[in-house]
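The lines below spell out each chain.
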Amino acid sequence: MTSPNPAAKRSFAQRISGERIVLALAAPVLAVVLSVAICSVLLATSGKNPFDAWNVMITYATKSDGQVLILNRATTYYLAAAAAAFGFRMNLFNIGVEGQYKVAALFAAFVGAQVDLPAFIQIPLLLVTAMLIGGLYASIAGLLKVYRGVSEVISTIMLNAISVSIVGLLLVPGVFAPKASSTSNSIQTDPVSDSSHFFSIPTAGGDLWGFLFIAVLVGVLFQFTLTRTRFGFDLRATGRSESAATASGVNVKKMVVISMVVSGAIAGLIGLPELLQNSYSYGQSFQPGLGFLGISIALLGRNSPIGMAFAALLFSFLDSTGSQLPLKGGFPFEIVAVMQGTIVICVVVAYELVRRYGLKRQQQKVGAQLAAQAAATEKKEVSA
Amino acid sequence: MRRSMKLAAVVLSGSLGMASLAACGAKSTDTNASSGSSSDALKVGMAYDIGGRGDQSFNDSAARGLDKAKADLGVNVTEAEAKTGEAEADKETRLKNLIDGGYKTIVAVGFVYQQAVDKVAKDNPNVKFAIIDSNDKDQPSNVTSLLFAEQEGSYLAGVAAANKSKAHHIGFIGGVQSELIKKFEAGYKAGAKSVDPNIQIETTYLTTPPDFSGFNSPDKGKEAAQGQLDKGADVIYSAAGSSGNGAIEAVATAGKWAIGVDSDQASQPALAKFKNNILTSMVKNVDNAVYAYIDSVKKNTPFTGIKLFDLKANGVSLATTGGKIDDIQDKLKAASDAITSGATTIPTAPTS
Amino acid sequence: MANHDINLTVRTGTVHALMGENGAGKSTLMKILYGMQRPDEGTIAINGEQCEFHTPGDAIARGIGMVHQHFMLADNLTVLENVVLGGEKLHGIGARAKAKIKEISDQYGLGVRPDALVEDLGVADRQRVEILKVLYRGAKILILDEPTAVLVPQEVDALFDNLRELKSEGVTVIFISHKLHEVLAVADAISVIRRGTTVGDADPKAVTARQLAEMMVGAELPSPENRESTVTTTEMLRVEDLRIAKTDAEGIERVVLDDISLRIHKGEILGIAGVEGNGQAELVEAIMGMLPLDGGTVTLDGKDLSGTLTRARREAGIGYIPEDRHKHGLLLEAPLWENRILGHVTEEPNSSGPLLKPAAAREDTLRIVRDYDVRTPGIEVTAASLSGGNQQKLIIGREMSHQPKLLIAAHPTRGVDVGAQAQIWEHIRSAQREGLAVLLISADLDELIGLSDTIRVIYRGRLVADADPATVTAEDLGTAMTGAAAGHLESDPEAVAEAQAVAAEGTEAADQHPHTDTADKPQAGE
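Residue numbers (UniProt numbering), protein chains in the order written: chain A, 1 to 384; chain B, 1 to 352; chain C, 1 to 526.
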């Protein structure tokens, strides 16, 4: 009885993990279905045919240019989600991804414009610059938490506000922007040197950003670090139970600072696809809000590299195809925001329900399994 | 098994996107590209900045021009607007969608469109673009910039303010400390100093870029105006989008003079309560510019390069609603003549 | 199983004290009485009438009221508002309610002012408001959960006066506490709970504090066994002049540990006896490196560990069975094999260099599951789905897998079923035979006397007494635990022999385990 027969064990493990997958998928699928339903009702009450709207969106997603747009955008979203998720995995709420990527992208744009090295040095240089700046900026919150007990939520929110001022302070003619701007009324850094341009793959639907591979690499490294390294184990242990981690010998303070820096470093990459693949400069209208979007996507993807990939694709699909709605049928594009919002709310609730259900179910199963084992042993003893 | 599941998921998710990219190379534009040019009427697409039609300000003014063109010139129009926090790609997609819909004349409202317009215009040389409030010295030849001499109108506002100020103390509130708003400040100050070289001028900017909330935070405007009133200013010019509404409220409550911006604010319903305290407004006739541009395209003599709408071209002017500047009209006329004749040149950036 | 075979009879109009160590099952019992939890079996009868509580509402309807240890009052409301909150239907919320409050207050001498703001009241006053709140709802049976924990001595006296007043008016009071002298001062009857069951009743007029202490912590004395001593002369752990002082909210420095010096040799189990909260937890955390020291040194096997981090100490060979395994010992939502890595992530077979070796860790987890008889269907299930005993066996297996030089075992059998208990003891014993040094902390004197080679008594952060388990009785240990005795304890040899004989009778398997089944044993006080 001390070693249950391997066949039984295996089938049990299979059942558990099969069920786990179903449970893991249940929540997001439920959330998406629910939010589609809610938005359909909203559209219908505003006198629009919801099916036409979904049709517009799906049609666009089947077209090659739509797909390129979705993938390009998902690249940025995925990086944003990974940045947030890295902190979340150890219960560290880095709300400051927003500020970190802005500051990082600004510095990367500046360096990219000032330095002109061969591409194979230039591009790594810019990646490192952005990650370094993002990490440094995030480390402020980490150090404040460790040495002054300031909640990272508060400090990162403050740092987001400060980042806006930093950009405002630096993005002026004569500092990071050229003295004589080539454009009137808008200010941006000088365009980055040609060697800074990241490769892209020309497709029928337009240029697919090569940064997609960086995003995939980040995902792979993310997963590898968490599941295959000591550091990742310490990080997950801290996330699951700080007290147990402390007792197990994890230096939680050090972990807080390191995780914050890594999270910030990933955040530093968020602005680069746009910078190195599309606009080639950092201007006042550089897309804001990606940090917060990343938090939503991380939440939806359950902080798992695979889950976040799907979540990023979903959000990217919604945003990209949603922009078609006003032009093709006069649907309000706000419906996309409503949908994203309801998905996130539903998914949070659903995950918690599913988690509790799963835990309870496993306890029951283990109990039943043990009882069955005990009964079997008893029978054997009796017959023997 | 667990790991292989995950691996499978990765491969699946990756290949899903890629496979269909390769398989169905159809673009969303393929189907309706032909349907575009079926009608003879000129088709004009307009891409607004955030706020779109109904923002009581800049976008609305552009919309008025479009409406007038629709009514008077019989053009076919469509509109789209930006949403908050959108990506550069969204702007490009918006412009492309307009082109796909057969709209070969496109007006982009606001400098945020500069990059997108440059890019899309390069790819669509047969489409004509106009961009308001922005120009890029490298922009393609099929892009026309519609610019305004804000500093000239503001100069007149400064002249009016200096003449009306009893305390010899006036104020300027800028929404966002951007290059555009600095032009307002520069003109206003120059105008005021031309009347009274020793006049005291308060300057407050609500936010600095990239924080653009200064254009739509009436509370911030109100606070800034209150601060300037407390320091003794008795005429306050706010170039701050809807934040100016807050400033006007504060000034009116204090019984002092406010100067509005962009549209004739004394005639706006939302500000009707305060109209007795609105001295004048520095009107930026975006509608005229939009109409003139569409008209030029229609007549097959489209504007090219940079089209400056200055005082002379009636691109900027002072509103006279309420007749509160009637008594200084001759002084304003003199200043105005000096500008149009070129006798007065106005700085486009604040000197101090 | 939290509670079993609880028998409790409370007479009307008395103050009945319910005593037991932390974790003995008092709170569970109270939750059952108050309808917050339902019993699996057994009955509750009030005035001879059997009743069943599904919710606290049912209990209130039956006249049972509960005063929680942590007050449940809204600070920004007045006393009147707090009292009527949720009981608006009883006497309204206005003058009638106020009159009723005054009436109750006068009747029982509570001295409550209905219009005072709760935030202006002191702790004792708030407690009286809580009592009044319960009485207002018509309670005839009052349950007070550790009411004196938050009070200063004068307030305790005042509370006891209130309780006597209540009693004289016919109210029945159930008073939960583990403070011996208080219970003796106020109670008319005493019931003692240990390990989830009632171990006996006592008459406060006849019983002494020491006897009560024995009942609480277990007075059965198993034989320290005629086993060979495995204690060697090689010193493994040396703690010198340890001192930790915390500054509390009021800025007063409270000394948690002072002047602690102890040595443990290879093959020695040193037991620390003491009433909970006298510094045991801090001592453990200090040795583990989880609490910074204000003074003193910790040396393991000749290596000074004083300034090092927890991980370095674990790597140096300290194994740790924490007091609260859910909080400090396990990742409840992680699978077993990940829990096997916890605390030893830097060691073989869990990792090599910076990389984890999940396959090796899984394999080793299977070994632990097999060798330590962890009852589980597999190693992919979460730790939370195991029973307490199996969780503990997993922890012990994990800690033993790294050849520790020193094992810190804090309450290793708390909340563990009897069968697992015996196994856990045996594991500790066999490791000891192989030369392990063990620091054993336990509230259970049976366990301490049965396992230890030496016992030290901790009282208010100091080691005040020491004893040889072979020559000491639980009575004398208990005395030292209350601070009434110090120095080397040596009990009357006759008493020791007698106690050992009594214990040996009840424990047949005593040469292997301190005891295997508590239920078979003679219960003290009965």
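Check before you lean on any hint, since a few could be wrong.
Once the Cα atoms are required to be at most 30 angstroms apart in a straight line, the calculated DSS-like pairs of lysine-lysine come out as [unchecked claim]:
{"no.": "1", "chain 1": "C", "residue 1": "31", "chain 2": "A", "residue 2": "253"}
{"no.": "2", "chain 1": "A", "residue 1": "365", "chain 2": "C", "residue 2": "167"}
{"no.": "3", "chain 1": "A", "residue 1": "48", "chain 2": "B", "residue 2": "43"}
{"no.": "4", "chain 1": "C", "residue 1": "31", "chain 2": "A", "residue 2": "360"}
{"no.": "5", "chain 1": "A", "residue 1": "48", "chain 2": "B", "residue 2": "96"}
{"no.": "6", "chain 1": "A", "residue 1": "328", "chain 2": "B", "residue 2": "324"}
Incomplete in silico selection of chain A near chain C, CB under 7 angstroms [as the list claims (entries may be wrong)]:
{"no.": "7", "residue": "225"}
{"no.": "8", "residue": "237"}
{"no.": "9", "residue": "244"}
Hint data in this document are derived by calculation from the structure and do not stem from the laboratory. For each residue, glycine too, the CB sits at the ideal point set by N, CA and C.
Task: Hints breached by this structure - done: Per hint list: 1, 2, 6, 7 violated.
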